[in-house]
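Student: The lines below spell out each chain.
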Amino acid sequence: MFFYYLDLAWRSIKKTPFLSLLMVLAISIGIGITITTLNVYKMASINPAGERSSQLFAVRLLSQDNDTWDEITPQITYQDAFNLRTSAVPVRQSAMFRTGLAVQTEDINFAPILESVRVIDSDFFGLFDVPFIYGGPWEKQVDDEGGYKVVINEDINQKAFGGGNSIGKTLLLNRKPYQVVGVTAQWNPSPKYYDVNNGAFNNSEQIFVPFSLTPIEEFDSWGNNNSWRREDIRTYQDRLNSEMHWLQYWVELDTPAKQQEYQQWLAAYVEQQKLIGRFKRPDAHGDISDVGQWLKEHNVVPEDNKVLVGLSVLFLVVCLVNMLGLLLAKFLKRAPEVGVRRAIGASRLQIFAQHLVEVGLIGFCGGVLGLLWAWGALYVLSTKFDLEQSLAQLDQSMWLIAPMIAVSAAIIAGLYPAWRICSTNPSVYLKSQ
Amino acid sequence: MLQIKPILSMLMRSKSGPLLLLVQIILSVAIVANASFIITERVGLMSRDSGIAESEVFDLTIYNFDGAIDPNKQNLIDVEIIRNLDGVKAATSSSMTPLSGGGWASNFTYGSSEEDRKETPNAALYYGDEQMISTLGLKLVEGRNFHPDEVSSGGPELANSAIVSADFAKDTFADESAVGQIMYRGNIGEQSIKIIGVVERLQGAWVDHDNLNRSVILNVELGSSFTRFLVRADESAIADLKEAIPAALHKEHPNRVVRGFTTIKEHRNRSYRDHELMATVLSMMVVLLLLITSLGLAGMVMFNVERRTKQIGTRRALGAKKRDIVSFFLVENYLICLTGGCLGALIALQLGQQLMTLYSLPKLELIYPIVTVAGLLVLTTIAVILPAQKAARISPATATRSV
Amino acid sequence: MLSMKNISKVFKTDLVETHALRDFNLEVNEGEFVAVTGPSGSGKTTFLNIAGLLEGFTQGDYFLDGVNISNLSDNKSAAIRNEKIGFIFQGFNLISDLNLAENVEVPLRYRGFSAKERKVRVERALDQVGLAARMKHLPTQLSGGQQQRVAIARALAGEPRFLLADEPTGNLDSLMARQVMELLEDINKAGTTIIMVTHDAELARRAQRNIQIVDGQVCDFTMYQSGQTDNKTQSIADAVSVA
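Residue numbers (our numbering), protein chains in the order written: chain A, 1 to 433; chain B, 1 to 403; chain C, 1 to 243.
Warning: the hint list may mix true and false statements.
[As the list claims (entries may be wrong)] Dumping the calculated DSSO-like pairs for lysine-lysine here, alpha-carbon to alpha-carbon at most 27 Å: (1) A:K333 to B:K73; (2) C:K76 to C:K136; (3) B:K363 to A:K296; (4) A:K333 to B:K390.
[What the hints assert, rightly or not] Selected chain C positions facing chain A (Cβ under 7 Å, derived; list incomplete): (5) K12; (6) N49; (7) L54; (8) D74; (9) N75; (10) A78; (11) N82; (12) K84; (13) N93; (14) P107; (15) Y110; (16) D200; (17) V214; (18) D215.
Honestly, the hints are just simulated from the structure, not real lab data. By construction, the Cβ of each residue, glycine as well, lies at the ideal position given by its N, Cα and C atoms.
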């Protein structure tokens, strides 16, 4: 019966091409707008840590004095990072920040390039599942004693060494020789949750160097540096000893027991800092938040985007109401034919089904067309506004979601007209026309 | 004469059709009013004047990664190299690039003593030399520029005089003249800075911050391995300078990276990107929504004309003029449009209220729903008049035919 | 076959109650050809709609082929219409978007026949009315008489036990009307019960039995004969109501 209804629906659509086109257009535009905004929303609100989301925690400390900042901040001081590294509780942990270094090779014809670099502990790669092509992280020992080791990604490997296995080769960073110990594949989580300082959707760093080199090499910080009190910072050592918040700190705690244990450890650390008089406010405390919480707290999805999704859903409703009116008109015009069908033996349910199939078909066409609109709109918007690639591509799930929303929305809009037409008394329309 | 009463009773009898139209209009008004309000707000933000010759000014950064280089001396050499290139009108080292989204900001203290201590509002801090004003193309409205011998080279603690934007002067000293005022970095008396000039307008780096129009220029060429320069040149010369500047700088010393060459205009586009995106998407939405609403309206009228063919024929036979038929349809739809418009305006205000509380959007002004309803009336006229004219052409003879 | 006992149908609006049928009694036997006549507004159409299960009724009992029709669900009555009843209308009521074969096929679709079965039956039914050669034509390409024959074919395709015809010749010229009437007579001879509503006395006379409806009640032809002479409906109605 379904194919019979489909055949009837297609005939009906062909019979009133203008009206049908109007309906398909209305719903497709509604779907197009909704999918466009929904897509950006979805891409922005993705949790890139996936199943590890609940095992990775950002560590924060409310360490500032009273009457300075009200809230706990996303970053910590060097002193605290240095102390946190002594905890044995986390499975993996890393202090980190973003810097920039001039990259050269031993080839003197290689023009120096300035690249953003992430300063990390070796656990970073395991924490965030960074995929290696060659080699791996530097030895744990380097994290304690320091050492000129570097991990690069395949892009830099290509630029500096022309690709291939470059383990053991030398890369000059700010004129210092670093030994390449690992080459990673492209790795670019979006949002860039481990550091949302420079925008959550910019690209990941392509070069990684040991955090233990920080006091020696005096790497600049390329992120936010926030001080709650005025300190005279002239040398790099001043900075390391200061109360400036400028580092990110992540730990992996794989079981609830570990999480509890770490929270206790953190509480003890805060108590100890209070005792020596560094943390002055009474409500000073440590805090861990997993990736999901972290993204929510940092408002990775822009508010504008939420407003747009809301407005576009309203827009879709308008399109549906519009369609509802047109469907009602169209169906009621067909009442005589329905009268005949009813007389000949079609039940109400069959008439209802016939009309819902027609509505569904219109919805499906609208959905497919709407998807094309959305694809076009995203393309135009991303070229015009130079959107981040990760936000502008049409998510694969949309190929399923769009027709589904379209068909179900159309069917919701079609319920009333279909009900009206199937419940009218057929005899009224059977007497001579 | 407009037969509002019979039309009204007819509308009441055929409930669903007009009701749907009503709902559609209510929602359209609510969406369009809020969307166009947000659009105007964003366009307003984007059209604020920065006070800078945006398309003639670009920035570049020099990273001297060779430890042997003395950054203070090197900066003085570099700025001279840049200034001497063909096509360069002016250049200065700078702590930040306007409208770029990143830079320095702080506040100062002022007052006669620590008891009398007051704080200035937060302002963007530009550290640069006497060419800052000519590089950015600023207009000095009071006082004077730095003399070349007043500019020091080194850290920010060397600053002792300032040129401020008129907005900073007004927000800090109200009607008092800012020129000659003394401010301090830190506590009163710690590092005194004398205001020597006021520029008409200069924006900082953060377009969404309320300190945008408050800026302070301080008389220091900051020495660090990582130095930013602002350069002004004719628009046509910028492309060539992108090649010439790194070449000249590398010739002087090869161990450095020269990057950037982004005009302030490009920085502006980037900084306002999200606002422009929002305004664009919303405009798209408004246009399409109005299109769909008017097409839907036209469709409904067409359907009604068809349904009422006989009735219209009868009216014509009874002496209705063509004009009467057209006005019949117009009045019918005006009634729906006005009712929907009023209800829609109420919902629009409610929606605006929600948006204001949930998100950091300003409060919807009443004029937006009103203008939307007026616009919708015009649109109704256009959408109705064509099918209605078709209706008016129905022959009075239709009434006498039985089929 | 068909039995109506004390059927009443009342239409209520805010102001008036209209009795379309009152205490309506009728028995039709298998294989009969009954003509129903009566002036406009007498209740002919209401009778036909109730007989055809298109409308419910207010009071009384209606048995069709032994099945009690009162309070049937929509699904059941649709199934009965589909299997037992064939409709023929004054205005033909062919579906204009469908060609002849597809029109005839409609009831078979709703009965759930296989494609093969449908094809056989459609061909047979169209053959019966002499239009098998034109099954790909659209209704608008045919004359009125041909259209009505298609409608008859559609009614026959499901092999119903009885046909309900509402002014089947009302829109046809006399020649075509005769052809259609002959076709109906043939169908009746083949065993199908037919009830035909008409206001054409000439046509009615060709049926086996004539029933007249006046003011929503049956006025048997025999009574009509024994009464006065011609078309004195008013006096008949009086007579009925006195009786």
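Student: Does each hint hold? Answer for all of them.
Tutor: Results of checking the hints against the structure:
{"no.": "1", "hint": "A:K333 to B:K73", "verdict": "violated (87 Å)"}
{"no.": "2", "hint": "C:K76 to C:K136", "verdict": "violated (32 Å)"}
{"no.": "3", "hint": "B:K363 to A:K296", "verdict": "holds (26 Å)"}
{"no.": "4", "hint": "A:K333 to B:K390", "verdict": "holds (19 Å)"}
{"no.": "5", "hint": "K12", "verdict": "violated (15 Å)"}
{"no.": "6", "hint": "N49", "verdict": "holds (4 Å)"}
{"no.": "7", "hint": "L54", "verdict": "holds (4 Å)"}
{"no.": "8", "hint": "D74", "verdict": "holds (5 Å)"}
{"no.": "9", "hint": "N75", "verdict": "holds (5 Å)"}
{"no.": "10", "hint": "A78", "verdict": "holds (4 Å)"}
{"no.": "11", "hint": "N82", "verdict": "holds (2 Å)"}
{"no.": "12", "hint": "K84", "verdict": "violated (9 Å)"}
{"no.": "13", "hint": "N93", "verdict": "holds (5 Å)"}
{"no.": "14", "hint": "P107", "verdict": "holds (5 Å)"}
{"no.": "15", "hint": "Y110", "verdict": "holds (5 Å)"}
{"no.": "16", "hint": "D200", "verdict": "violated (14 Å)"}
{"no.": "17", "hint": "V214", "verdict": "violated (20 Å)"}
{"no.": "18", "hint": "D215", "verdict": "violated (20 Å)"}
Going through the hint list in order, the structure does not satisfy hints 1, 2, 5, 12, 16, 17, 18.
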